[in-house]
Structures are given as structure tokens and as C-alpha cells.
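My request is simple: use the sequences and hints to build the entire structure.
Residue numbers (the working numbering), protein chains in the order written: chain A, 710 to 822; chain B, 443 to 555.
A hint or two may mislead.
Derived lysine-lysine pairs resembling DSSO-like cross-links, with alpha carbons at most 27 Å apart [to be verified]: (1) B:K547 to B:K511; (2) A:K750 to B:K547; (3) B:K547 to A:K745.
Taking beta-carbon pairs under 8 Å as the criterion, some of the chain B residues facing chain A (in silico) [said to hold, decoys possible]: (4) N472; (5) N473; (6) V486.
Residues of chain B clear of chain A, computed beta-carbon distances all greater than 10 Å [as the list claims (entries may be wrong)]: (7) I455; (8) Q475; (9) H487; (10) D525; (11) N544; (12) G548.
Derived by calculation from the structure, the hints in this document are not laboratory data.
Every residue gets a Cβ at the ideal spot worked out from N, C-alpha and C, and that includes glycine.
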Amino acid sequence: ETGVTQTPRHLVMGMTNKKSLKCEQHLGHNAMYWYKQSAKKPLELMFVYSLEERVENNSVPSRFSPECPNSSHLFLHLHTLQPEDSALYLCASSQGGQNTEAFFGQGTRLTVV
Amino acid sequence: SQQGEEDPQALSIQEGENATMNCSYKTSINNLQWYRQNSGRGLVHLILIRSNEREKHSGRLRVTLDTSKKSSSLLITASRAADTASYFCATDPPSNSGYALNFGKGTSLLVTP
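Rendered as C-alpha cells:
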């Protein structure tokens, strides 16, 4: 248990559905991240939040919409996804700054049908 | 790309043997980190080595860093079946705000009894 909790662990959704992924950390970290992990690809950084402000957005399609209501919670709102969006979505947190490690949640396995 | 690239992509050894994985990257870094991922789960931080360090140990893990060659290696000694996992290197470049790590595709390690 790393202190970062993601729900749900598994999600199957149709292309017309709207769903949200949730991430929660109680490590006192000030930065939170969403990563996408697809088979045989490096982890892709999607969004970075620092002190609840989005500081990085790596050209992610608008069908993915992040929300960070406070420093402990991070959401990824999903709508009108495509089958190629099926992947493991990982949330992470860190203290920010240099020479700090990232703590990852267990991930949400998303399947778009 | 700043992403680290691990080598080999896959490694199969027997219990008791040593496992060595390599990571190469392209630009200067602030630090390099190694993570482990069990199948379909989150990443777990193993070790961080700073750019001014050349070697670091943690239990059965030994990490080296050669900034002149822009490479790092992870050695797992006396491997166990429980070491079966994917191993990723991640770089934290100095130009970065210090928030987001860049990951490679990983090395898949299989340790057979």
C-alpha cells in the first residue's frame, strides 16, 4: 500500500458513456499526476497538478478532463472515449521539487467497448 | 526524447542468479530512479540516484550511474521468484520543474524457481 488509492480498479464503458476515475492521497504531497500505460509503450504523462493548479497538459484529447478540487484528490473525467483509450490509468503523487520519488496508486484498468 | 530506454526488453533467469538491466537516456538529468511494477498494478519506487552519485545500494539492489555515457544499470543479486515484475527507469531532468518523471518502456523480468 503506497498511500495513493485509485477507484475503481476496473471499468468497462461504452463509447457514449461518461465516467470518472478517482485518486486520493493522504501523504501530504503537493503534486499529483495522471499517467496512461498502454501495452508495449512507455508511461505517458497526461496531466500534472501542483498545489491544485494544472501545470502540465501533454496534448491530451479533450475527452479526458482532469479535476483537482484539493491537494488530496484528483479526478479524471471521461466522455465519448474511443477503444484505443483502453489502458491502465495510473495516478501518482509526490512532494514536488527535485530529487523526490513518485508514489503510485494501483491503477484503473479501463476498457472502452 | 528524454525518456529512458531499458535494455533488455525481457529477461528470464533462474532463482539465485543475478539480473542486470540497463537504462540509457539522452539529455542531462537531475536524478534517475528505478521503479518496479507487478503485473497490472501500480509502480513502486525502488531507488533514486542523483546525478553526482555513481553507485547506490539498497538490500539486494545495486544501481550505477554513468552520466558521461548517459546510462544506468540495475543489478538484482540472488534473485527470487518474487522479483518477477517489470522494471522501469525514470529520469528527472534539471530543466523540469521537478514534478514529472519520464519513464521508459521497461524490462520484463521473469525469475523461475
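How the hints compare with the structure:
Between K547 of chain B and K511 of chain B the alpha-carbon distance is near 20 Å, which keeps this suggested pair within the 27 Å criterion. A threshold of 27 Å between alpha carbons decides the hint, and for K750 of chain A with K547 of chain B the separation of about 6 Å falls inside it, so the pair holds. Proposed proximity of K547 of chain B and K745 of chain A is supported: the alpha carbons are some 12 Å apart, at most 27 Å. The closest approach between the C-beta of N472 of chain B and any C-beta of chain A is roughly 5 Å, which is under the 8 Å cut-off, so the hint is satisfied.
With its C-beta approaching chain A no nearer than about 5 Å, N473 of chain B sits inside the 8 Å limit, and its interface hint holds. Because the smallest distance between the Cβ of V486 of chain B and any Cβ of chain A comes to about 7 Å, under 8 Å, the interface hint for this residue holds. Listed as outside the interface, I455 of chain B is consistent with that label: its C-beta sits roughly 22 Å from the nearest C-beta of chain A, beyond the 10 Å cut-off. Annotated as non-interface, Q475 of chain B brings its C-beta within 10 Å of a C-beta of chain A; the closest such distance is 6 Å.
With a cut of 10 Å on Cβ distances, H487 of chain B falls inside the contact zone with chain A, its closest approach being about 4 Å. At roughly 19 Å from the closest C-beta of chain A, the C-beta of D525 of chain B stays outside 10 Å, upholding its exclusion from the interface. Annotated as non-interface, N544 of chain B brings its C-beta within 10 Å of a C-beta of chain A; the closest such distance is 8 Å. With 10 Å as the threshold on Cβ separation, the claim that G548 of chain B sits away from chain A is violated: the shortest Cβ distance comes to roughly 8 Å.
In terms of the numbered hints stated before, the structure departs from hints 8, 9, 11 and 12, listed from lowest to highest.
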